[in-house]
Amino acid sequence: MKGLLIKDFKLMKAQKHFYLLIVAIAVGMAVFTEVSSFIIGYMAFIGSLFTLSTISYDEFDNGNAFIFSLPINRKCYVKEKYGFGLIVGGSSWLLGTIIVLGAGLTRDHNLILDTLMTALMVLPAMLMILAFMLPFQLKFGGEKSRIGIMGALGLMFIIGVLIVKIAKSFSFDLVSMLNNLSTMSIGMLNMGAIVIAVVALLLSYKISVSIMNKKEF
Amino acid sequence: MLKIEHLKKNYDAFSLDCSLEIMQGRVTGLIGQNGSGKSTTFKAILGLITSDGGTVRILGKDIQAFKTEDKQDLGIVLSDSGFSGYLTINDMIPILDNLYKAFDKPFFMEQIQRFGLPRNKKTKDFSTGMKAKLKILIAISHNAKLLILDEPTAGLDVIARDELLEMLRDFMEKDEERSILISSHISSDLETLCDDLYMIHEGKIIMHEDTDVLLSDYALLKVDQKQYADIDKQYILRYKKESYGYSCLTNQKQYYIENHPQIAIEKGTIDEVITMMIRGVEL
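Each protein sequence line maps, in turn, to chains A and B.
Just so we're aligned: the first sequence equals residues 570 to 786 in my numbering.
Just so we're aligned: the second sequence equals residues 977 to 1259 in my numbering.
No lab work stands behind these hints, which were simulated from the structure alone.
Hints may be right or wrong, so weigh each one.
[To be verified] Derived Cβ-Cβ restraints for the label pairs, each shown as a range:
hint: 1; chain 1: A; residue 1: Leu590; chain 2: B; residue 2: Ile1182; range: 53 to 63 Å
hint: 2; chain 1: A; residue 1: Phe709; chain 2: B; residue 2: Gln1040; range: 27 to 37 Å
hint: 3; chain 1: A; residue 1: Arg715; chain 2: B; residue 2: Glu1086; range: 43 to 53 Å
hint: 4; chain 1: B; residue 1: Ile1162; chain 2: A; residue 2: Leu724; range: 48 to 58 Å
hint: 5; chain 1: B; residue 1: Thr1031; chain 2: A; residue 2: Arg715; range: 34 to 44 Å
hint: 6; chain 1: B; residue 1: Asn1096; chain 2: A; residue 2: Leu590; range: 21 to 31 Å
For each residue, glycine too, the CB sits at the ideal point set by N, CA and C.
So here's chain A without its partners, still in its complex pose:
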């Protein structure tokens, strides 16, 4: 698996300018705005997307046939993709948090606790995105999965809006309830979200393994 990880890091090297640009944008936003959750989310999201682009690289020119003739198996390949996504997504998430903290501290605001809370809220979202996108990418490849992901995100948005609307029709204001939660309850809610996201990621891994086991190259 280590060999595959090295391969993906080497492939990512080809996109280092793109990554540096993303970091520069994040730094710019952190210095000139105060949208900390967006910056951390943006970094984590773009970082975890790199694992998808390595799958595209592997598929390009039928490269998968050669990869699977190397001394690795399909399960190991899937594990590596999840691992790579977590490493790059996690590091980008951390970097985003550091950027926000750095910019906040230079502005002399005491934002540490707020930023850390925001960062923790972004984490389950990042895990969910990985859990959701990896099986799509492995099953349908680059082009088709993009369409599928767009559709699915749209669907999730509609479901979210519907839940809020339905709750409202029962005189239950979810948004203001979330806004009025104490820091403690937000922390608990967040922990719950992280647990759900980890479970989703494990489930997604199982699905991905079975997708790969069925594939022919």
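We have chain A already, so just place chain B on it with the hints.
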């Protein structure tokens, strides 16, 4: 080293039913036209596609029992696949070093230098010859017991082909227990390298012969109508109608030289033998 019995794979317009055996210490060639089933056979051996029947035993193990660890002993070249072209040779070295326990880095580096392959250039920008040499080098640099090479010489000029075949001969000389299965649609590549040859056509093996026998005992008899009527046909494998009469493929050249000295006998090249086996009519 490798034994395939009635390996089957069915697609809409193609079905494979292939049996072949690669013995230890030998180089076995698989010749066939484009689309004859060479790559499908290779992919089934490597578990890249699932087979619809038959058995494959590789390095003494059934394909189902052939584990990731066992792949350390294989060296693979696939005609239409390889490492991403966005990687450089320098990128590949640590990858190979971590994938193969027996990766011989000094040997690999030495060969890279010998063939003048640039280490910092993306391999997608390599010439066809450079790409082919790199693929072979990757396959032979970890002390593999069995090389499985699908069209490693495709698209190469004569000089590059010779260099590549030389690399394979060197590989075989180092250890007499090593074996190679190599496919090509260019028979001259295999003529000088292989100990025995299989011919595949429309998914089926139509012939298996030692290369020496193929080159020494197979011949084309060029006969007119009358000669064809009179000739002893017991060793004629295929015949084909020609403008002058018939051309006949035999695997007993000496017999016809001795018993029919009046007829024109041409030494059969592998290409001619293939053409006759495919286009000729069986008696």
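field: Verdict for Phe709 of chain A, Gln1040 of chain B (Cβ pair) under range 27 to 37 Å
entry: 29 Å, holds
- request: With 43 to 53 Å as the target window, see if Arg715 of chain A and Glu1086 of chain B comply at their CB atoms.
  value: Since the Cβ atoms of Arg715 of chain A and Glu1086 of chain B sit about 44 Å apart, the hinted range of 43 to 53 Å holds.
query: Do Thr1031 of chain B and Arg715 of chain A keep their Cβ atoms within the hinted range of 34 to 44 Å?
result: For Thr1031 of chain B and Arg715 of chain A the Cβ distance comes to about 41 Å; the hint holds.
48 to 58 Å as the expected CB spacing between Leu724 of chain A and Ile1162 of chain B, which holds or is violated: Cβ of Ile1162 of chain B to Cβ of Leu724 of chain A: about 53 Å, so the range 48 to 58 Å holds.
query: Within 53 to 63 Å or not, the Cβ separation of Leu590 of chain A and Ile1182 of chain B?
result: 58 Å, holds
message: Holds or violated: the 21 to 31 Å window for the beta-carbon distance between Asn1096 of chain B and Leu590 of chain A?
response: For Leu590 of chain A against Asn1096 of chain B, whose Cβ atoms are near 23 Å apart, the range 21 to 31 Å holds.
Every hint, counting from the list given before, is met by this structure.
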